[in-house]
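Use these hints to put chain B onto chain A, whose structure you have.
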Amino acid sequence: MTTKLMGQPVQRVEDQRFLRGQGRYTDDVLTAPGDDVVLHAAVLRSPHAHARIVDIDVSEVLDVEGVHAVWTYEDLEGLSPAMAQPLPLLIPHPALTQGRTQYALAKDEVNYVGEAVALVVATDRYIAEDAVGLIRVDYDILPAVVGIEAAREARHLVHDDVPGNLGARLVQEVGDAPAAVAAAPHRLALDLTIERSACMPLEGRGTVARWDPDTDRLQLWTSTQSSTGVRAAVAVKLGLALGQVDVVTPDVGGGFGVKIVHPWPEELLVPLAARALGRPVKFTEDRREHFISSAHERGQVQHVEVGFDDEGRVLGLDVEFWHDHGAYTPYGLIVPIITSTQLLGPYKPGAYRVAFESLYTNTVIVTPYRGAGRPQGCFAMERTMDAIADYLGKDRTEVRAANFIQPDEFPYDHQMVFQDGRPLVYDSGDYPAMLGKLKALVGWDEFPAYQAEMAAQGRQVGIGLGCYVEGTGVGPYEGAHVHVETSGKVKVAIGLTTQGQGHQTVFAQLVADELGVKFEDVEVVSGDTRRMPYAVGTFASRAAVMSGSAVHLAAKRAKEKVLRIAADALEADEADLQIVDGVVSVKGAPDASIDLGTVSVLSNPLRYAFDEASKAATQFTVGDPGKPPVAEDDEPGLEGKDFYSPDRATFASGMHAVIVETDPQTAEITILKYAVVHDCGTVINPMIVEGQIHGGVAQGIGGSLYERMAYDSSGQLLNASFMDFLMPYVTEVPDGIAIDHLETPSPLNPLGIKGAGEAGVIPTAAAFAGAIEDAERRTRSDASITAMPISPSELYTLRQDTP
Amino acid sequence: MAEELHQIRLTVNGTAHDLRVPARRLLSDALRHDLALTGTHVGCEHGVCGACTVLLDGDPVRACLVFAVSVQGQEITTVEGLTRPDGALGPVQQAFAECHGLQCGFCTPGFLTTITAGIRDNPEPTHDEAREMIAGNLCRCTGYQNIVKAVERAAVLAREGVEGDRPGDGSELEAGQLAGDDRADDAATTGLGA
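So the protein lines, in turn, are chains A and B. Position 41 of the first sequence, counted from 1, bears residue number 41 in the numbering used here, the numbering being contiguous throughout. In short: position in the second sequence from 1, add 1000, done, that's the numbering used here.
Next comes chain A alone, as it looks inside the complex (with noise of 0.2 Å):
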């Protein structure tokens, strides 16, 4: 019997290709030698934040040798009709009355630096800039609305005909939390402060089209996390059929998050450029265009109030925060919604209540970033347990158990919606247990003895934990379909997009599981709507558990009529059959075996033969004469089909610890230790969910100490380039991230599994503010951390003004 390779650390198929430089990316597309067919897209982008565009002259782009189409959004009309509207949005919710997207290209006005405002096709993208670099803007400049306190003033709205700058006002109860914190016998509150960042996939986003007329239809590449979401929206606003257009996403160089919002204005003017043009256009984003056009997160502004008991117990919890969404909302109150709901982590408090204003800046748009609302929402959770236990004098450790969910109190209903209009319910999960794992690992009990003799040389170090809950694999459903094909070889097709994940392998691993066929048989292919039409997307750590519960199941449905063929051919009961290997034989007779490759041929009845195989399954070899072919319920062929659509998210959970010193002098802040304990349910494939977590710490350690974008009050993005933006090279990463595992198996999917994507980075800036606090304390009495991401020369600071 084959080992089953669930839970396997199974190598990528997928790197095959990556390693030999043989990955196809979106700027690789069309780039056969000496082809020159394709055109290249440019766009001109608005440098002011907030202006009126007084009027646009193209004339000397005209004259640019090389130039085939200049476009502003006059001229978007007589292309589209549809394209002269509004982009989507995608996510609406009742609570956001003041929601607006964007136009394609600008309409009369501009709210960010960046906003698209003209389009350049030329045969080159040099000749593109250089015609972009021709066109004559003229600006009415209107006053700038930059950051959450600019915003809640109101001295200048973003959008005239929205009041406060206020997108939404949302607030979720759970009993009356001012009363209990009122009535608490300790009460605290805090104000918290967190940053912007941004996704930054090393490759930007990029979209190639081509219309071939005469099979009329649109072929699309695009770099996107959602290939349905763009199709569709192509289809709309093209005013195309939808089978008129196939979105194949290829390989992507990283997501995150920012690659699923769609369709970005390219990806729809790219379609219509290659339309109108008759000839294929591609458009790649540089990394200036990816700093300041597409999407950032994480900004807020907290506001805590808490109740608590001697033991630490919180009777009451109180939280308003102020989110900026910067200049549109395309993607409704996704990541607030997240924010409230996920604060509370794996704590359960007596009354909790939530309030959020969604505000309009004139700055780049904010949707989900890894993590998506989370860091910000543990950031706030977990700088009031540490406030707690700093007011009584306990270990954070013993607060954070004193509010735990117990493992018998699953499932648990916290009673409030959570992001996918479904119940905020965990499913299953033990923190007490993997609050042990993790104090073990970092060493915690021994770590005060350890600070003494640190401080005995002089040197300061410190300690901090932060610990989440994290809802993963919200729907609405993800499908698979597993064709065997008559060689034996099982092909896979997944209708969500990969970035990263090992999604070939660790589905490949399900199928070869369940239908019994060898790896290297199996070919999984993702993000291609011809392949499979109907998907949602990769994002909410949601691939492994919707897509892999689908494949899981297509590849059982795949694996029924397997049995149900062979068994009618090798005259035997199906329960008495097994395939190992490819290959069905009747347990303890293994002379009575038929291969897959065979079984698929006789599922398909055939009048004409093309091969020695497909000669089996012709009308005067195969069926019985007095019944159809095939049969009413059935149908040809050796497929399986299906989908995985659950009640609701599962909630993984893990706990980070970091061990840090701070220089006395400098204030430079070094990593001595990361421990990591994370529950994703049954893991897959245990090497790239380690992966998962090594990259989301590093992004998280970027979010805690380096990362930021540096607006200025006119809205100009100060640091929008790798030498401005601090991303962490190695030597800002631990040398070694210590990791252990629990599980504690989804019951709402077949295989019990929880997402691993995005865990990695959400409690890392509680764990840091903890941390440097527990250092900084040995020498100040108040060592309050209250905004990330933290730099040294923002901590020497604090220092100056806490002595």
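Fair warning: there could be bad hints in the mix.
From chain B, some residues computed to sit far from chain A (all C-beta separations above 10 Å) [stated by the list, open to error]:
| # | residue |
| --- | --- |
| 1 | E1080 |
| 2 | L1082 |
| 3 | E1129 |
| 4 | V1156 |
| 5 | L1157 |
Now the in silico label distances, taken between C-beta atoms and shown as ranges [unchecked claim]:
| # | chain 1 | residue 1 | chain 2 | residue 2 | range |
| --- | --- | --- | --- | --- | --- |
| 6 | A | N719 | B | L1065 | 50 to 60 Å |
| 7 | B | L1065 | A | P423 | 52 to 62 Å |
| 8 | A | R155 | B | D1128 | 48 to 58 Å |
| 9 | B | D1128 | A | A455 | 22 to 32 Å |
| 10 | B | P1123 | A | A710 | 34 to 44 Å |
| 11 | B | L1065 | A | A440 | 24 to 34 Å |
| 12 | A | A440 | B | N1122 | 35 to 45 Å |
| 13 | B | P1123 | A | T670 | 25 to 35 Å |
The set of hints was computed from the structure by calculation and includes no laboratory data. Each residue gets a CB set at the ideal place from its N, CA and C atoms; glycine is no exception.
For chain B alone, coordinates are given in the frame of chain A:
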């Protein structure tokens, strides 16, 4: 007014290519769009991320900071040239596969070329030297943990490899590792496959 074009000969992975390009054509664009060697990736176009790193006479350079016209007559090695003549992965590539040193794969070509030169110059790097070797390249997926392991593993694999598979010093490229000089006119060496 049409741009003035310059006739140049680029020698990439042992194959000579004649091109006519404008003076401002970046080496990264010439490789990717004129020669269709799309294994070299462009992540920032300002020399910080290192995704576009290629070897120029054996030394790592950022192809986005080099004009194509300026490297006439020099030997360029891209990620496509790191695969062995028989199609097997070279030691650095193999180490990345074994150590899960890549996720989305976009930054990977720059790491592979950088490390290829690194372990040629320092065949037995210490752990700290392995970290230092990759300290100029950005990766947004892996957190670098497994890339460091891959550097150490690559050094072992390269040392264990048969003599002919050892990376050359760049000035005299040896068969297999950096480029197949016995395949000078073989289009298949572009690595593009079918």
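Going down the list of hints, with the structure as the test:
1. E1080: For E1080/B, whose nearest Cβ neighbour in chain A is about 4 Å away, the distance does not exceed 10 Å, so it is violated.
2. L1082: violated, 8 Å
3. E1129: holds, 12 Å
4. V1156: Since the minimum Cβ distance to chain A is about 17 Å, V1156/B lies beyond 10 Å and the statement holds.
5. L1157: It holds; L1157/B is separated from chain A by about 13 Å at its closest Cβ, greater than 10 Å.
6. N719/A with L1065/B: 50 to 60 Å: violated, 20 Å
7. L1065/B with P423/A: 52 to 62 Å: holds, 54 Å
8. R155/A with D1128/B: 48 to 58 Å: holds, 54 Å
9. D1128/B with A455/A: 22 to 32 Å: holds, 27 Å
10. P1123/B with A710/A: 34 to 44 Å: Holds - the Cβ-Cβ distance for P1123/B and A710/A, about 43 Å, lies within 34 to 44 Å.
11. L1065/B with A440/A: 24 to 34 Å: Cβ of L1065/B to Cβ of A440/A: about 48 Å, so the range 24 to 34 Å is violated.
12. A440/A with N1122/B: 35 to 45 Å: Since the Cβ atoms of A440/A and N1122/B sit about 38 Å apart, the hinted range of 35 to 45 Å holds.
13. P1123/B with T670/A: 25 to 35 Å: holds, 31 Å
Comparing the model with each earlier hint shows violations of hints 1, 2, 6 and 11; every other hint is respected.
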